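Student: Chains as they are written, first to last, in full-length UniProt numbering: chain A, 1 to 344; chain B, 1 to 344; chain C, 1 to 344; chain D, 1 to 344.
Just so you know, the hints here were simulated from the structure itself, not pulled from any lab data. Keep in mind the model is a prediction, meaning the values are calculated, not measured. A portion of the hints provided could be inaccurate.
Note: identical chains are not told apart, hence a pair may lie in one copy or across any two.
Think about it this way: if two alpha-carbon atoms lie no more than 20 angstroms apart in a straight line, the pair counts; the simulated SDA-like pairs of lysine to any residue are [said to hold, decoys possible]:
id	residue 1	residue 2
1	189	47
2	189	42
3	105	41
4	189	38
5	39	222
6	105	38
7	105	297
8	105	128
9	189	37
There are 4 protein chains.
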Amino acid sequence: MAPIRIAVLGASGYTGADLVRLALTHPHIEIAALSANAKAGLTMAEVWPHFAPYPDLPRLTLAEEVDWAGVDAVFGCLPHAASAALLATLEGPRIVDLSADFRLKDAGTYAEWYGGAHPAPALLPQAVYGLTEYARDALPGARLVACPGCYPTAVLLAVLPLVEAGLIDPARVSVNALSGVSGAGRGLKEANLFAEVAEAVHPYAIGAHRHMPEIEQEIGLRAGTDVRISFTPHLVPMNRGELVTIAVETRGTVADLRAALQARYTDEPFVHLLPEGVAPSTRMVRGSNHAVLNVFADRLPGRALVIAAIDNLVKGSSGQAIQNLNLMFGLPETAGLTQAPLFP
Amino acid sequence: MAPIRIAVLGASGYTGADLVRLALTHPHIEIAALSANAKAGLTMAEVWPHFAPYPDLPRLTLAEEVDWAGVDAVFGCLPHAASAALLATLEGPRIVDLSADFRLKDAGTYAEWYGGAHPAPALLPQAVYGLTEYARDALPGARLVACPGCYPTAVLLAVLPLVEAGLIDPARVSVNALSGVSGAGRGLKEANLFAEVAEAVHPYAIGAHRHMPEIEQEIGLRAGTDVRISFTPHLVPMNRGELVTIAVETRGTVADLRAALQARYTDEPFVHLLPEGVAPSTRMVRGSNHAVLNVFADRLPGRALVIAAIDNLVKGSSGQAIQNLNLMFGLPETAGLTQAPLFP
Amino acid sequence: MAPIRIAVLGASGYTGADLVRLALTHPHIEIAALSANAKAGLTMAEVWPHFAPYPDLPRLTLAEEVDWAGVDAVFGCLPHAASAALLATLEGPRIVDLSADFRLKDAGTYAEWYGGAHPAPALLPQAVYGLTEYARDALPGARLVACPGCYPTAVLLAVLPLVEAGLIDPARVSVNALSGVSGAGRGLKEANLFAEVAEAVHPYAIGAHRHMPEIEQEIGLRAGTDVRISFTPHLVPMNRGELVTIAVETRGTVADLRAALQARYTDEPFVHLLPEGVAPSTRMVRGSNHAVLNVFADRLPGRALVIAAIDNLVKGSSGQAIQNLNLMFGLPETAGLTQAPLFP
Amino acid sequence: MAPIRIAVLGASGYTGADLVRLALTHPHIEIAALSANAKAGLTMAEVWPHFAPYPDLPRLTLAEEVDWAGVDAVFGCLPHAASAALLATLEGPRIVDLSADFRLKDAGTYAEWYGGAHPAPALLPQAVYGLTEYARDALPGARLVACPGCYPTAVLLAVLPLVEAGLIDPARVSVNALSGVSGAGRGLKEANLFAEVAEAVHPYAIGAHRHMPEIEQEIGLRAGTDVRISFTPHLVPMNRGELVTIAVETRGTVADLRAALQARYTDEPFVHLLPEGVAPSTRMVRGSNHAVLNVFADRLPGRALVIAAIDNLVKGSSGQAIQNLNLMFGLPETAGLTQAPLFP
């Protein structure tokens, strides 16, 4: 079988780099082009420590210099707005976008949360929301797939089966989230310096995180109504990993909720309901495309806690992007994603 | 003024060690005795790296070997049950207990949560619950003070003014908590090894943490009714620090809640309402006796988020114990507690 | 091709677990048996967080319960002495031992450093010292391969070509080493608790580390004379990774030394001389079987610095063990070891 | 006694902030002015998390706006070159400079290592090299004190007594050094992001670190000859702390070297020779002005290892600066510096 020739736009960011890491050992992918902006001209080994053993990776070029004739699929790892602006100009390759640009169906919501008119609203209708486990029917025919944000991936995997089963009140979903620092990207911000982050924890973007409308959209779609959620992310001193602790209002028991998750995910290669009483941990998934879930009783009556953990850069970003590519191109869904988690 | 001669029971644990750290520079404390069990006979410099520069600290002895005639006050840093059993035998010194043994007013509740009959129920009525800012009247005359747990300290400082002002529903308090590892103590557990904790985060003791009844007792006292809370702690890869993110149901605005906190804490030396919009962080208090608080709007209607951060070993434990001692003995409340937080 | 059926003795330790991690995705390995001692009877998912997504791994059994008829190769991940005692009883499978027991050719030296008579001295002559890049001729016919220690792997990869080329004084090799905590194992020691290790660094086993005689043996073999080395390891607050900074006395220039390394490693899949001036970092190899090297001028005349980095659990242990297995069984040397480093 | 009114130039950097932290509880210091450049106009609480509990600290101003009439002493925490340029314009206050500008006696050496002519060479002769324990005679009369770099502080405390006693070869001092990240400052560099530093270690500035000439100057002064040293620093994932492992050539025994250190430091409040065999660790000094030292036998004949640990921001910078101020102004040497180390 001819390999899928891919281009990674924005290979100088953490998301792009993790895509390249996974693509390097994918049996059906050939890395055709890697783009960057400020770092165009450098090798990946010059830009990234972990590519030091790979001096032969394609050199970073400007996106404009990519030869699209030799590209079957493009991964967009650019900042929002920039991503849509550039991807809208491409005609040949199929697109897996990891930015926020094609996640929201409604251009008005996009404008409200991302502070500007959508750069390519005409493309929105064709974009598939690529939460893989919920998009399998649409992916094979898709030309443009929008990968979910990292937090939405974890939250939606945990609650969508419960919403679909009518087990929880979709209007009272309350999420506390913890994330490693790589989610903030490689940009130079004082807040992301080692000495600022280590030995500390704090919440951020309280009540204002841009992943909220995306979660609301997907829950609302299944609930058949507009919903709002509560979402409070916290920055934790670790590189990778994301854990969401979700309080839900329910008439069901823990066993009911677990049964719904079990029914939904029993055959999934990457989504795992843990045995009763086992708490999800980011240690369970580090560096892998796995997600782990579980449900616990809450001490407040009428509530339960649904908890999920993923690696924000893999299932929360680049791994899910490759999982989507696999289905778009008819490859085995797990191709290139079989690495076991790295622990310790 | 003659110094207060103290004994620290359990100086081989993190809590006891932090007490000694603070006592070392307290202007009115003299360290008379330090006890340990397995490590009796060793010097503090042999047991602790950070006391290497202090070879002249009293050697660790068994508690039975302490000469109580030379002790004005004892700090109990022993495990629960062991603490009450030993402290009940003391007649002379005034007692500041940092264990859980004298926090719950009801011996039945104690038995339910701590798995055994209370070792000294006769002492319970005289024990003062030493959340300092709420115990100032009782402390000068107290013989036995029970220092609150670390989580209860953070949670109660954040919500008690709101409960007292009738601003929140005391029956719907939902706490997500994050803690550094020192809270788990220096005992040898696989779960506390560096390689298990670093680069990871997970919830623990879900719905079953022993700090819950203590929080419920104190909220219930002010609310005039029995309450239950939701409480989910998470272990974060850092040494010190605790942050609680509390969802409350309220008819008040953020401004109302902030005003109640401001009114309550405006003259407090250690409790600080942050400026509007500034998120509490454990970086703000590391190594110090300070607590920082703030209130944020929640996206779910009728809710707000109250957030607090402390150093679990200082305001959450040894620092508050010394703050209590200061008031018990008529010393300035801030004596020995003026260290500014250590950052980075 | 029929898969190689392996048993991992000591799968409850970090080394054994990393072997299982790598074996899980090895195209020619089938995991036939996993042994443990105290944790026999548990599943790998109960013992290890990162195997939570793999509930179907073989359950841990006592070593005595392994059915050796179904095992082609055994990986020994047991403590020293216990390893040789057990492996000496096996007749069928070929053996890759990761303990220290078969590294030293001289049973007297073993007794001196490991504090007791060698449990199976009769096996020493047949044991191949499995520093793969230097053992390729011997591996295909070997029945018993002793994998080098983690520090020796890094040091020897860095200096053996220089010793062989006569470029450095083998009697004046001075190593400063830095290691992550996983090298200390999963045993319960106060010194390995998170709160003891985080935010700190210190040397240990100064002048007394058991990896010294092994390095001396291999340098001495090439130098044709007995040698002693200086070796000072330090514990660094990270999970994985090892970096050695080696001061050597030399009449050669940096270019000479680099040329010798380049000549030796130019075709190696896992050993990489970095471009001139690029400092090795453990970030370059985390989770992978790669080693990176470089040479720098020293300010003291007649000296140079040779620096190497590996992942102590992979190239320093389980990865190299699999690399050795591949060559023993005629498989491609890189089979199962193609994962790119994980960063960040 | 009237307090010493201080100004801190560069209070927006880690060094300046740690000076303010210590000054806050110094019994004889009054903070009169705090300067910054880009952050002028902000409060310290806006610039620093740990000053959140101190809203009443002086607001940051431009250095030009400081009212020097109200300042008795100025702490210069500015980058090199900028520091000398500004300090040379001051006439009134006595100066404790923490930059590199007044450490080297020779303007030519300065130009060679710092890449430009010295901004104020006329001031060099009067500058006292403020390694406190070696500068006590000069400090009371000094107008300008140059605080040593962090690495030089640790190295010189460890080796100067041995050089002075003629016990080691001053021309063969070889230093391996480990430092936390705060030493790199709060500037925005990709290399200092959390995700780049965590879980990794690497050497930097190999053979080229600017602290080398300063160490060479001070050793050379005592040895009566020009010397060169070997110095290789490594970046460790921790906030604070510095450890130097120094190989020395000696005809003395470990006991001889220990005796020389003991004799030199026995009455020092901040410099501690550890008991025989106890390895220095940065955990022993975190957040404090202490230094810990020890000597170990090396396996190579004719060598020994001298090891020292300090907190780079305290004894290596701001703490030593205050120690110097204390002596300049006739205060007790330990005033404001009595904090015990923070552990864990």
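Student: Using 20 angstroms as the alpha carbon limit, work out where residue 105 and residue 38 are close: within a copy, between copies, both or neither.
Tutor: This pair counts as neither: shortest intra-copy Cα distance 31 angstroms, inter-copy 42 angstroms.
Student: At 20 angstroms max between alpha carbons, let me know whether residue 105 reaches residue 128 within a copy, between copies, both or neither.
Tutor: within (10 angstroms within a copy, 58 angstroms between copies)
Student: For the identical chains here, do residue 189 and residue 47 meet the 20 angstroms Cα criterion within one copy, between copies, both, or neither?
Tutor: both (18 angstroms within a copy, 13 angstroms between copies)
Student: Checking an output row: residue 39 and residue 222, CA cutoff 20 angstroms. Within, between, both or neither?
Tutor: neither (42 angstroms within a copy, 44 angstroms between copies)
Student: For residue 189 vs residue 38, is the C-alpha pair at or below 20 angstroms within one copy, between two copies, both, or neither?
Tutor: both (16 angstroms within a copy, 15 angstroms between copies)
Student: Measure nothing new, just compare the shortest in-copy and cross-copy C-alpha distances for residue 189 and residue 42 to 20 angstroms and report within, between, both or neither.
Tutor: The answer is between: 18 angstroms across copies meets 20 angstroms, while 22 angstroms in one copy does not.
Student: Within, between, both or neither: how does the pair residue 105, residue 41 come out at a Cα-Cα threshold of 20 angstroms?
Tutor: neither (36 angstroms within a copy, 43 angstroms between copies)
Student: Between residue 105 and residue 297, at a C-alpha cutoff of 20 angstroms, which is it: within one copy, between copies, both, or neither?
Tutor: neither (35 angstroms within a copy, 26 angstroms between copies)
Student: When no copy is specified for residue 189 and residue 37, does a C-alpha distance of 20 angstroms or less occur within a copy, between copies, both, or neither?
Tutor: Classified as both: same-chain Cα gap 18 angstroms, cross-chain 18 angstroms, threshold 20 angstroms.
Figure legend: structure checked against the earlier numbered hints; hints not met, in rising order: 3, 5, 6, 7.
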